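Colleague: Residues per chain are reported as follows:
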Amino acid sequence: MKYFALLLLASSLFILGCEDKPDEQPVTSLDLIWKANYDGETFLTFKDYIYPDGRKIQFNNFNFFVSDIALISSDANGARTELVEVDFVDLSYDETQLAAAEEGKKINIKDLPLGEYSGIKIGFGVQADLNRSKPTDYGSGHPLTRNFWDGWSSYIFSMIEGAADMDNDGEIVTGGADTESFTYHSGTDEVYNEVTFDQEIILTDTNAPITLNINVAKLFINANVNFDENGDGYLDIETFRGTHSGPNGDFTIPTTIMNNFSSAVTIE
Amino acid sequence: MSKNRKTNNLFIVFLILTTGWIWCISCSGDTPYLVLSPSTPPTPYELPQPWGFGKMEIPEDNPMTVQGVELGQQLFFDPILSADSSMSCRSCHFPDRGFTDNLPVSRGIHGTSGLRSSMSLVNVGYMDTGLFWDGRVMSLEAQALLPVADSSELAHQWSRVEWNLRKDPTYRQAFSDAFGITDTAALTRDLVVKAIAQYERSLVSSGNSRYDRFRAGTLELTPDEAIGYDLFFDISPEVKDAECGNCHNAPLFTTNEFVNNGVQPAKTLADFKDLGRGAVTGNRYDNGKFRIPTLRNITLTAPYMHDGRFATLEEVIDHYNEGGQISPNIHSLVRPLGLTEKEKGQLLAFLRTLTDEE
Chain A
3 MKYFALLLLA
13 SSLFILGCED
23 KPDEQPVTSL
33 DLIWKANYDG
43 ETFLTFKDYI
53 YPDGRKIQFN
63 NFNFFVSDIA
73 LISSDANGAR
83 TELVEVDFVD
93 LSYDETQLAA
103 AEEGKKINIK
113 DLPLGEYSGI
123 KIGFGVQADL
133 NRSKPTDYGS
143 GHPLTRNFWD
153 GWSSYIFSMI
163 EGAADMDNDG
173 EIVTGGADTE
183 SFTYHSGTDE
193 VYNEVTFDQE
203 IILTDTNAPI
213 TLNINVAKLF
223 INANVNFDEN
233 GDGYLDIETF
243 RGTHSGPNGD
253 FTIPTTIMNN
263 FSSAVTIE
Chain B
-7 MSKNRKTNNL
3 FIVFLILTTG
13 WIWCISCSGD
23 TPYLVLSPST
33 PPTPYELPQP
43 WGFGKMEIPE
53 DNPMTVQGVE
63 LGQQLFFDPI
73 LSADSSMSCR
83 SCHFPDRGFT
93 DNLPVSRGIH
103 GTSGLRSSMS
113 LVNVGYMDTG
123 LFWDGRVMSL
133 EAQALLPVAD
143 SSELAHQWSR
153 VEWNLRKDPT
163 YRQAFSDAFG
173 ITDTAALTRD
183 LVVKAIAQYE
193 RSLVSSGNSR
203 YDRFRAGTLE
213 LTPDEAIGYD
223 LFFDISPEVK
233 DAECGNCHNA
243 PLFTTNEFVN
253 NGVQPAKTLA
263 DFKDLGRGAV
273 TGNRYDNGKF
283 RIPTLRNITL
293 TAPYMHDGRF
303 ATLEEVIDHY
313 NEGGQISPNI
323 HSLVRPLGLT
333 EKEKGQLLAF
343 LRTLTDEE
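Residue numbers (our numbering), protein chains in the order written: chain A, 3 to 270; chain B, -7 to 350.
Since the hints were derived computationally from the structure, they do not count as laboratory data. Predicted model, so just to flag it, every value in this text is computed and none were measured. Ideal Cβ positions, reconstructed from N, Cα and C, are used throughout, including at glycine. Any given hint might turn out to be false.
[To be verified] Some, not all, of what chain A presents toward chain B, calculated at C-beta under 10 Å:
1) Phe48
2) Asn62
3) Thr98
4) Lys136
5) Pro137
6) Gly141
7) Gly143
8) Gly164
9) Val175
10) Gly178
11) Thr185
12) His187
13) Asp252
[Said to hold, decoys possible] Below, a list of computed lysine-lysine pairs in the BS3-like style, where the Cα atoms sit at most 25 Å apart:
14) B:Lys259 to A:Lys49
15) A:Lys123 to A:Lys108
16) B:Lys265 to A:Lys49
17) A:Lys108 to A:Lys37
18) A:Lys123 to A:Lys220
19) A:Lys112 to A:Lys123
20) A:Lys220 to A:Lys49
21) A:Lys112 to A:Lys220
22) A:Lys107 to A:Lys220
23) A:Lys58 to B:Lys259
24) A:Lys136 to B:Lys259
25) A:Lys107 to A:Lys37
[What the hints assert, rightly or not] Computed spacing ranges between beta-carbons, pair by pair:
26) A:Asp41 to B:Glu349: 47 to 57 Å
27) A:Asp33 to B:Thr121: 18 to 28 Å
28) B:Thr260 to A:Asn209: 38 to 48 Å
29) A:Val197 to B:Phe69: 56 to 66 Å
30) A:Ala101 to B:Pro55: 38 to 48 Å
31) B:Pro55 to A:Ala78: 49 to 59 Å
32) B:Ala303 to A:Gly141: 36 to 46 Å
33) B:Ser228 to A:Thr206: 48 to 58 Å
34) A:Asp33 to B:Leu211: 50 to 60 Å
Same shape as in the complex, but just chain A:
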């Protein structure tokens, strides 16, 4: 009986040992690369560009949050493959950082299943659940340790700051009584913008990147006549030099800017 039990155990081990292992699904990694341009030119801070109304404009800060980035499967159920819960994208590179600006901000995602996808979903801003947290909830290095506005109890979803030749005298004045600066800060749940970009994406084992190009000029497209006094289809930055959305504030400009990410971003 004892020998029989031992034989049974040995046979079982042999059979289990020879059993085919379940197929491991092949995986790959993916680089999401964020780049900024101004109507096709590499976007750099402190560089002069021309605003649609003809005046000189320069930027000194451009950053934003993205949340819940996912690939949408090509199959019938359109299943989502989550890529990024939240990240902070700062594209404020100056001329000494041209190479970094051209390279862009890279987010590497590992262990993605190979396959075909029909699009990519991106939330511009901080999704509502996370927007209830605060920087002090996180350790250093986490994307959500910065750009929180205590007065709104919200992260600042996007910051666009700079200055323009408001008085059309050919010079941009920064600082002092006649400063020509502008500041557009957008935040609070109301202006969160979730966009699905239809784009065929095939993930193979060659780790091809997805590049997301943002045309900063397009963030100023404005269909609201109240903020477009000269009627050129763009935000009138001379009259409306700044916005803080705020829980009780006017959401028109912040909503417009956050919605404009949909048309400002192109995917390669």
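Use these hints to put chain B onto chain A, whose structure you have.
Modeller: For chain B alone, kept in the frame of chain A given last:
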């Protein structure tokens, strides 16, 4: 009798040799390698975490202990760290002055003036973007190494500091208790700065300022303080936005970033008198930028800015209300605010709520 004499002679020879050996090692400049024994294992230090504050990140190689914090405090206040034993860390960081010295720029042991104002140490353990006005060092341990050897500060030599501490039986025991070292050769500058860093991390806001109690719901602000709070954080559209909270966000009242807040006029990026952050990064677009200081206990830390140019908070508010000085990379939010005298007073009333009451 002769046997006793022989014994006595041997004893005398032994005494002479022993004394001579001790004399030799004490005069040789080498360290007497005396065996130490920690009295008890160090006790973990429970760091207070005021309401709304996050968890401070403590380096794995320097966990806080009661003994370490006490030793750090002793060192912080001890002039043994200066070349002529006239100054200590406290000489530029007085606890009752918000851990500053109330001078435009700090002075060293020979009366030599430094370049910048001493920064508050309250909540310094939360500063994770670099220390000093220009962020040139990343850790409190690395920071504490510098003033001791700086000729315009404590102007000492670390080797002499180590020697003096090793000679002192009280310090020997305290280092043994704090770090478990068992021989004095292990009492090095690395442990000195670790202890000081532990003490500095313990300098956390009391959490009992009027602002903290207001946020905790146990106190109501006066009407002027409340409007100042609104001005500061841009809460309601009916009240102007003084743009303060963008850089001085709660709960630390600093974002720990580096900005040009328009205190130095500069026609070009090369024209700043003090390059600040730019001298550290080598990027000219960082010229004129300095670390945003905390506003906690701001009423105690005059004069203000990196060079102490403003004697009062009223002058600081006027500076921002007028839009700062012209310079190429000034922060966009430094622009004329249009605050009335009454609103400036209300903003000041709110700033006064940030003072710890213990």
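Colleague: Decide, hint by hint, whether the structure agrees.
Modeller: Now the hints, each set against the structure:
At its closest, the beta carbon of A:Phe48 sits 6 Å from a beta carbon of chain B; the interface hint therefore holds under the 10 Å criterion. At about 6 Å, the closest approach between the beta carbon of A:Asn62 and any beta carbon in chain B falls short of 10 Å, and the interface hint on this residue holds. Proximity of A:Thr98 to chain B holds as hinted, the smallest CB-CB distance being about 6 Å (cut-off 10 Å). Given the 10 Å rule on beta carbons, the hint for A:Lys136 holds: about 8 Å separates it from the nearest Cβ of chain B.
Against a cut-off of 10 Å between C-beta atoms, the interface hint on A:Pro137 holds, since the closest Cβ of chain B lies about 7 Å away. Checking A:Gly141 against chain B: minimum C-beta separation of about 6 Å stays under 10 Å; hint holds. With a cut of 10 Å, the hint placing A:Gly143 at the interface with chain B holds, because the nearest CB-to-CB distance is about 9 Å. Evaluation of the A:Gly164 hint against chain B yields a held restraint, the C-beta minimum of about 6 Å falling below 10 Å.
Because the smallest distance between the Cβ of A:Val175 and any Cβ of chain B comes to about 7 Å, under 10 Å, the interface hint for this residue holds. This hint holds: A:Gly178 has a C-beta 4 Å from the nearest C-beta of chain B, less than the 10 Å allowed. A hinted interface residue such as A:Thr185 counts as satisfied when its beta carbon comes closer than 10 Å to some beta carbon of chain B; here the least separation is about 5 Å, so the hint holds. Interface hint at A:His187: satisfied, since its Cβ lies 8 Å from the closest Cβ of chain B, which is below the 10 Å cut-off.
Satisfaction of the interface hint for A:Asp252 is found here, the shortest Cβ-Cβ separation to chain B being roughly 7 Å, below the 10 Å cut-off. Only pairs whose Cα atoms come within 25 Å are accepted, and B:Lys259 paired with A:Lys49 is accepted, the gap being roughly 16 Å. Under the criterion of a C-alpha separation no larger than 25 Å, the hint pairing A:Lys123 with A:Lys108 is consistent with the structure, at around 17 Å. With a C-alpha separation of about 24 Å, the suggested pairing of B:Lys265 with A:Lys49 holds against the 25 Å cut-off.
Distance check on the hinted pair: A:Lys108 and A:Lys37 sit about 9 Å apart at the alpha-carbon level, within 25 Å; holds. At roughly 20 Å between alpha-carbon atoms, A:Lys123 and A:Lys220 fall within 25 Å of each other, so this suggested pair holds. At most 25 Å may separate the alpha-carbon atoms for a hinted pair to count; A:Lys112 and A:Lys123 meet this at roughly 18 Å. Between A:Lys220 and A:Lys49 the alpha-carbon distance is near 17 Å, which keeps this suggested pair within the 25 Å criterion.
The straight-line distance between the Cα atoms of A:Lys112 and A:Lys220 is roughly 32 Å, outside the 25 Å bound, and the hint therefore fails. Our distance criterion of 25 Å between C-alpha atoms is met by A:Lys107 and A:Lys220, whose separation comes to about 20 Å. Of the supplied pair hints, the one linking A:Lys58 and B:Lys259 holds, its CA atoms being roughly 18 Å apart against a limit of 25 Å. Of the pairs offered as hints, the one joining A:Lys136 and B:Lys259 is violated, with about 38 Å between alpha carbons and a cut-off of 25 Å exceeded.
A threshold of 25 Å between alpha carbons decides the hint, and for A:Lys107 with A:Lys37 the separation of about 7 Å falls inside it, so the pair holds. Distance hint for A:Asp41 and B:Glu349: a CB-CB separation of about 55 Å, consistent with the stated range 47 to 57 Å. Between A:Asp33 and B:Thr121 the C-beta distance comes to about 27 Å, which sits within the given range of 18 to 28 Å. The given range of 38 to 48 Å is respected by B:Thr260 and A:Asn209, whose C-beta atoms sit roughly 44 Å from each other.
At about 58 Å, the beta-carbon gap between A:Val197 and B:Phe69 stays in the expected band of 56 to 66 Å. At roughly 41 Å, the beta carbons of A:Ala101 and B:Pro55 sit within the given window of 38 to 48 Å. The hinted window of 49 to 59 Å between B:Pro55 and A:Ala78 holds, with their beta carbons roughly 55 Å apart. Distance hint for B:Ala303 and A:Gly141: a CB-CB separation of about 39 Å, consistent with the stated range 36 to 46 Å.
Between B:Ser228 and A:Thr206 the CB atoms are about 54 Å apart, so this pair conforms to the stated range of 48 to 58 Å. Take A:Asp33 and B:Leu211: their Cβ atoms lie about 51 Å apart, and the range 50 to 60 Å holds.
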